[in-house]
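**Student:** Listed below are the residues making up each chain.
2 protein chains.
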Amino acid sequence: MSIIVLGTVALDTVRTPFGFKRHMLGGSAVHFAMAARLFTKVNLVAIVGRDFPQRYIDFLEKKGIVLTSLIRREGKTFKWKGEYRGDLNSAFTLSTELGVLSNFKPAVSSGQKRIKYIFLANVDPDMQRHLLMHMYAPSLIGLDSMNYWIKHKRKALIRLLKEVNIYVANEQEARDLSGESNLVKAAKRLRSFGPPMILIKKGEHGVLFYCDKFIFSLPAYPTDKVIDPTGAGDTFAGGFMGYLAKTEKINQAALKKAIAYGTIAASFNVEDFGVNKTARLTARDLENRLSKFRKLVSF
Amino acid sequence: MSIIVLGTVALDTVRTPFGFKRHMLGGSAVHFAMAARLFTKVNLVAIVGRDFPQRYIDFLEKKGIVLTSLIRREGKTFKWKGEYRGDLNSAFTLSTELGVLSNFKPAVSSGQKRIKYIFLANVDPDMQRHLLMHMYAPSLIGLDSMNYWIKHKRKALIRLLKEVNIYVANEQEARDLSGESNLVKAAKRLRSFGPPMILIKKGEHGVLFYCDKFIFSLPAYPTDKVIDPTGAGDTFAGGFMGYLAKTEKINQAALKKAIAYGTIAASFNVEDFGVNKTARLTARDLENRLSKFRKLVSF
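Sequences listed follow chains L and V, in order.
Counting in the working numbering, the first sequence runs without a single skipped number right up to 299 at its last residue.
Counting in the working numbering, the second sequence runs without a single skipped number right up to 299 at its last residue.
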């Protein structure tokens, strides 16, 4: 089954202890797509401005991403500028320029409306809802958000949560939105907002999955090559949703395996700047690291 | 095989969002012993003052802990007063009174000198070395420390690291002592100081184990009943060392299982104040939760 992702296509400027990169191809939809493409056909819904380099479009096309609903408008592409220090666990945002993103009304082709696996990466909840309203019969809807929307569009976000199957949040977002500091309590509270499944991403500490029937937890794949963590969460979501779309099952075994694939995809993402690493990944690379990972957590 | 633990026997005063407890039985050696006793005979090496309640001595004896080398001296028992806020992940120390601990020269009986499994819980590195010098032929020496010693007795600690098999540290200690923020790098660096095995405890985020042959990582057992995390790290060490002493093997399978037992023991510890929960635990409780945990991390 193919998958559709709404999110950002961005120009990222990033400084980490390992270097400085200007206007790299980035954005939630791009990071998501780089992982999900290893499992299934990925349709990208996003907007860029006139300044968006043609070579990035060519690159995405070459990677097999369906760009029918990537629109280009007068104006500037969404830009994010950030810095990582110390243990690279949290980004300091230096600037965000919305550009054409601020007036984006996502639209999809009539064929794309029938896609059953949907991921709403982090954009304005109203934009996310707008896309959702166009989809015919989703099998699985995943939703990501961020602190900005939790603070400034809490109501819209809470309303949207009732319509999705999986809410994906990082540790801090889960705490902020739920008002609970303990992550299991936070997950339970978020569950009560609507989504049957809650996935809390904890960066280098792995992930916690909660649903009514079971809890699942995995550490991150330990790596000492953390170069640039930008997009790790979206890469995780791409591996996770990509596997579910491919396997077309949503049972306990499939969900656990999907989380493991997400973990592995994210572990590659952090090992180089932008999508340098994930763009070169093959399904075999994923499988190889997955079997290492399986050993690493089994006792 | 029996086990010997050097550490503190303390009177802990703790405030958490769930209550306030004054002069509870606590200390690293006590928390360690409560978990390790489920696997093997535990010999405790520690000091208390005249103010130490007889009922705590009786309690420890009833739990089967060997108290031959628990000495009582003129003066006050070691006291720790702390508070946990928010997500209960870090303790705010309000006061520490060393009392009789400040002049403690640990001594053991001639029978105890032959014990092969040794855990040096967090006390002055000179005190830890002093005990170690008395032991005849250790099979396995575990060492814990804390930021205070890393800062004020770094040289003594580094020297001691060359003599132990396993260094157990929490995340922050591992970073401080190694100077590395990435935990895999930190583990490698700590390995270069001497100990063939490095165990980094990450609280609610689980544990990372490093040795030359393999890396192992487990999340914590997810619980929403975190009442008082005091002693969780020592309880972890007790389950870990206790299992190794019982199984008398130090191979990959045994180490992984020991880490899982430590994780489970620690998960019980946090569910009530002091040793309230761990003192009542049975081996069956551990086994039951261990099999739940195995499901929870396998994919």
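Worth flagging that the hints you see were computed from the coordinates, not collected in a lab.
Don't take every hint at face value.
To be verified - Now the stretches of chain L that chain V is said to cover, found in silico as 3 or more residues with beta-carbon under 8 angstroms:
(1) 94-104
(2) 194-205
(3) 252-265
(4) 279-286
Where a beta carbon is used, it is the ideal one built from N, C-alpha and C, also for glycine.
**Student:** All hints, please: hold or fail.
**Tutor:** Structure-based check of all given hints:
Counting residues of the stretch 94-104 of chain L whose beta carbon lies closer than 8 angstroms to any beta carbon of chain V gives 0, which falls short of the minimum of three for the stated coverage. Taking a C-beta to C-beta cut-off of 8 angstroms, the stretch 194-205 of chain L contributes 3 residues in contact with chain V, enough for the three needed, and the coverage statement holds. Residues of the stretch 252-265 of chain L lying with their CB closer than 8 angstroms to a CB of chain V number 5, which satisfies the three-residue condition for coverage. Note: the stretch 279-286 of chain L has 0 residues with beta-carbon separation from chain V under 8 angstroms; the three-residue rule is not met and the coverage is violated.
In the structure shown, a violation is registered for the earlier hints numbered 1, 4, in ascending order.
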